[in-house]
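Novice: Given chain A, work out where chain B should sit, using these hints.
Read top to bottom, the protein sequences are chains A and B.
Residue numbers for the first sequence follow our numbering, beginning at 1 and rising by one.
Residue numbers for the second sequence follow our numbering, beginning at 1 and rising by one.
Simulated from the structure, these hints should not be mistaken for lab results.
This list has only true hints and no planted wrong ones.
Per the computed footprint, the stretches of chain A lying under chain B, defined by three or more beta-carbons under 8 angstroms from a beta-carbon of chain B, are: (1) 178-192; (2) 273-283; (3) 338-347.
If you anchor each label on the Cβ, the simulated ranges turn out as follows: (4) A:84 with B:236: 48 to 58 angstroms; (5) A:159 with B:147: 18 to 28 angstroms; (6) B:277 with A:382: 31 to 41 angstroms; (7) A:107 with B:153: 52 to 62 angstroms; (8) A:32 with B:343: 17 to 27 angstroms; (9) B:112 with A:152: 48 to 58 angstroms.
No residue lacks a Cβ here, since even glycine has one placed at the ideal position from N, Cα and C.
Number of protein chains: 2
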Amino acid sequence: MVEPMVVDRALERVRALLERGRNREAAQLLRRLHPADAAEVLYELEPDRRAVVLHELDWETIADILEELDEDEMVEVVESLTTSELAGVLDEMEPDMAADLLGELEEAEAAEVLQQMEEREEVAPLLAYPEDTAGGIMTTPRHMLRRHMTVAQAMAFLREHYQDEHDLYYLYVLDRNQRLVGIVSLRALVLADPDQTLDEIMERDVISVSPDVDQEEVARLLARYNLLALPVVDEENHLLGIVTVDDVMDVLEEEATEDIYGIAQMSGDAAIFSPLREAVRTRLFWLMVNLGTAFLASAVVSLFEGTIARVAVLATFMPIVAGQGGNAGIQTSTIVIRSLALGELALDELWKALRYELLLGLLNGIAVGLVVAGVALVWKGNPMLGLVIGVAMVGNMLMAALAGVLIPFALHRMGRDPALASGIFLTTVTDVCGFLFFLGLGTWLLL
Amino acid sequence: MVEPMVVDRALERVRALLERGRNREAAQLLRRLHPADAAEVLYELEPDRRAVVLHELDWETIADILEELDEDEMVEVVESLTTSELAGVLDEMEPDMAADLLGELEEAEAAEVLQQMEEREEVAPLLAYPEDTAGGIMTTPRHMLRRHMTVAQAMAFLREHYQDEHDLYYLYVLDRNQRLVGIVSLRALVLADPDQTLDEIMERDVISVSPDVDQEEVARLLARYNLLALPVVDEENHLLGIVTVDDVMDVLEEEATEDIYGIAQMSGDAAIFSPLREAVRTRLFWLMVNLGTAFLASAVVSLFEGTIARVAVLATFMPIVAGQGGNAGIQTSTIVIRSLALGELALDELWKALRYELLLGLLNGIAVGLVVAGVALVWKGNPMLGLVIGVAMVGNMLMAALAGVLIPFALHRMGRDPALASGIFLTTVTDVCGFLFFLGLGTWLLL
Chain A
1 MVEPMVVDRA LERVRALLER GRNREAAQLL RRLHPADAAE VLYELEPDRR
51 AVVLHELDWE TIADILEELD EDEMVEVVES LTTSELAGVL DEMEPDMAAD
101 LLGELEEAEA AEVLQQMEER EEVAPLLAYP EDTAGGIMTT PRHMLRRHMT
151 VAQAMAFLRE HYQDEHDLYY LYVLDRNQRL VGIVSLRALV LADPDQTLDE
201 IMERDVISVS PDVDQEEVAR LLARYNLLAL PVVDEENHLL GIVTVDDVMD
251 VLEEEATEDI YGIAQMSGDA AIFSPLREAV RTRLFWLMVN LGTAFLASAV
301 VSLFEGTIAR VAVLATFMPI VAGQGGNAGI QTSTIVIRSL ALGELALDEL
351 WKALRYELLL GLLNGIAVGL VVAGVALVWK GNPMLGLVIG VAMVGNMLMA
401 ALAGVLIPFA LHRMGRDPAL ASGIFLTTVT DVCGFLFFLG LGTWLLL
Chain B
1 MVEPMVVDRA LERVRALLER GRNREAAQLL RRLHPADAAE VLYELEPDRR
51 AVVLHELDWE TIADILEELD EDEMVEVVES LTTSELAGVL DEMEPDMAAD
101 LLGELEEAEA AEVLQQMEER EEVAPLLAYP EDTAGGIMTT PRHMLRRHMT
151 VAQAMAFLRE HYQDEHDLYY LYVLDRNQRL VGIVSLRALV LADPDQTLDE
201 IMERDVISVS PDVDQEEVAR LLARYNLLAL PVVDEENHLL GIVTVDDVMD
251 VLEEEATEDI YGIAQMSGDA AIFSPLREAV RTRLFWLMVN LGTAFLASAV
301 VSLFEGTIAR VAVLATFMPI VAGQGGNAGI QTSTIVIRSL ALGELALDEL
351 WKALRYELLL GLLNGIAVGL VVAGVALVWK GNPMLGLVIG VAMVGNMLMA
401 ALAGVLIPFA LHRMGRDPAL ASGIFLTTVT DVCGFLFFLG LGTWLLL
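Bound conformation, chain A alone (with noise of 0.2 angstroms):
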């Protein structure tokens, strides 16, 4: 059974033991624990006494924690490494993994680390490719083996070069042109006849993706078409790299992350705790951005100041109006940012997406209309109010399934990430509608 407290007592006791200089004992417990909770209990130790720790670690040990880490954290951990320290981890690391470690550090360090590396004509290759594609989250295959091998020469093969293999999901065969023709599963593997030939049980309809490919398209893939690697090739179909099935919950993980912050207009990478100064940038520029287009409502505001002095029984409802609208606007926008990502909705169904909104805005607009009018008559018994309070409302929904629909289609289709920056156009929006609405008819009819 997992104990889930394993972390903080295993954190707690190698800062005791560091503390009596016992750091040989230190490490030792490290190392005896699963590399992703060796990775915690590293991360969350003082700078100061991870160097301590970290120089009683044997490389391979340090690279298997390390590739428990994000980018950021492996960069903080590994600060106290020489370079040549570093090559030597390096080395040990899955190629994906430490490509994205070099890329984390200064071109300068990173050339100089490289160039000290044994296994660098496995890591350079990837260091070509932009990080959230397919490229950038691929690792270097191996395991390649040609279509006229029996099923026991190939496991004899295996069990000859690939021990320290990790990634062992499917075998990749290729052609005399190093061109890949099918895979075989170890499942496929294991089950088969040891005497067949893998070009008699591999799978011939490979799907693959070029490198270029976005890595949520990657995910989607994986996991639509539940595969435990997906191959990266070339146009000519040379086999380029495989990204794995634990990468893609990772990219999974982020781009929800990503998405959820960018409704609630953070930027992807922000995290709780980070450092102040960063969390002050990350939130106050949306915090102005959105400031910029709250004006903007309030210009509206400010040209019915002389309908507000005399009726100001508005002023009162003006939240209601524009909140809800912002509400419906948000409901809609992201459940059409999320079904575009998820591919439930195409970007030729625009009108049919349209349509349902605009119809949904309508039947829950005047539902929502209907009782606030009714709020408006009982409490402030103006029935005036009640009606311009009610078709206001309406109006101002359909202008929010209108945005809520609009605004995302537009901006994948210019290719921004819509989960970004809809809520900003959209409250703006509601906002100058509902009040421009509201007020304008309560200007005309009310005063």
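Specialist: Leaving out everything else, chain B in the frame of chain A:
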């Protein structure tokens, strides 16, 4: 290379074939597609056409296709099957998927179908677990072996008994009391010497969960430890089931969608183009809840109608004070919610989070307050108005930080999903406090 248009083209082709009465060819086409693609085609087909194709397909093909759909979609697709046909299809499905489908049927119908199934002993036990727990997403384990077997024997055994087993990632080693004592990955099996026993190569530190663990926790464990499957065991370590990586990717996507929709105040099962009546219900409910809280804000404004009638410019700045407070609060609550969900923030870090967010709120509040006060001064030429709005702004940003941390923590501690309900409470706080601070100060200083 993957062909993104494959579903659209296949759908068109199937429709054309059915129109000309070539039903068998339409079914043949579906059978040649990847089940994930065939599932999409079948789901997109009109119900009467779907029924026609379905009756040309064998049960195993239908089972493979159904496994690619989610529960609601499965139920829709099998509508035209009789209970005995459905039982035949369910017998061919993975037990966890069969249980999911049965769980969606009406109780009497599910009982009748189960009665007619041959594999009911494998499926029936799975029905007992809530669907969002480890028990609810696990499948019945097979490939259970004894520790004294050699690698060669184990492989022969697998070849004989598990030819049609899809989820073959690990072998589970049981003792004579059927308790789980170790696991052997296929990778370890392939790389081991054929004469070694399972006992020699098995992993004894098995990470496992009990069936009542939340599915999100299961997903996190699998992702954290880079596992392909996780055994589910009872208190005595009897193997009850296994949760596989493909199920977990669906869980990650589902939970992210739920969180995203929660933030936009919709239920997690909302979907684009769901039946209109259902969409009205899911969205209108939250709009009405919001409306209730919006009236609270209105009531506060209403208290100050006398002030507003005399200083109508206050109405102009109302949207800004409340809006910025709301935005800042949603930034805070979203980062707290997501960090709690990802395990990056622990419940005992409440004070740390509170101190951090209050400090951030103060800094951002001062920055935003200064800008707004400056604009008010320049635009309306009223320094006192600038002071009122600036101070109200800072006060409301502090309230936003306070509410943005406390509300998710409180909901989390009460065992509720903070993503779902935080927004409502939060905007109530920022609206009410924003208007109270701003109009209260205005009444005091501007009248």
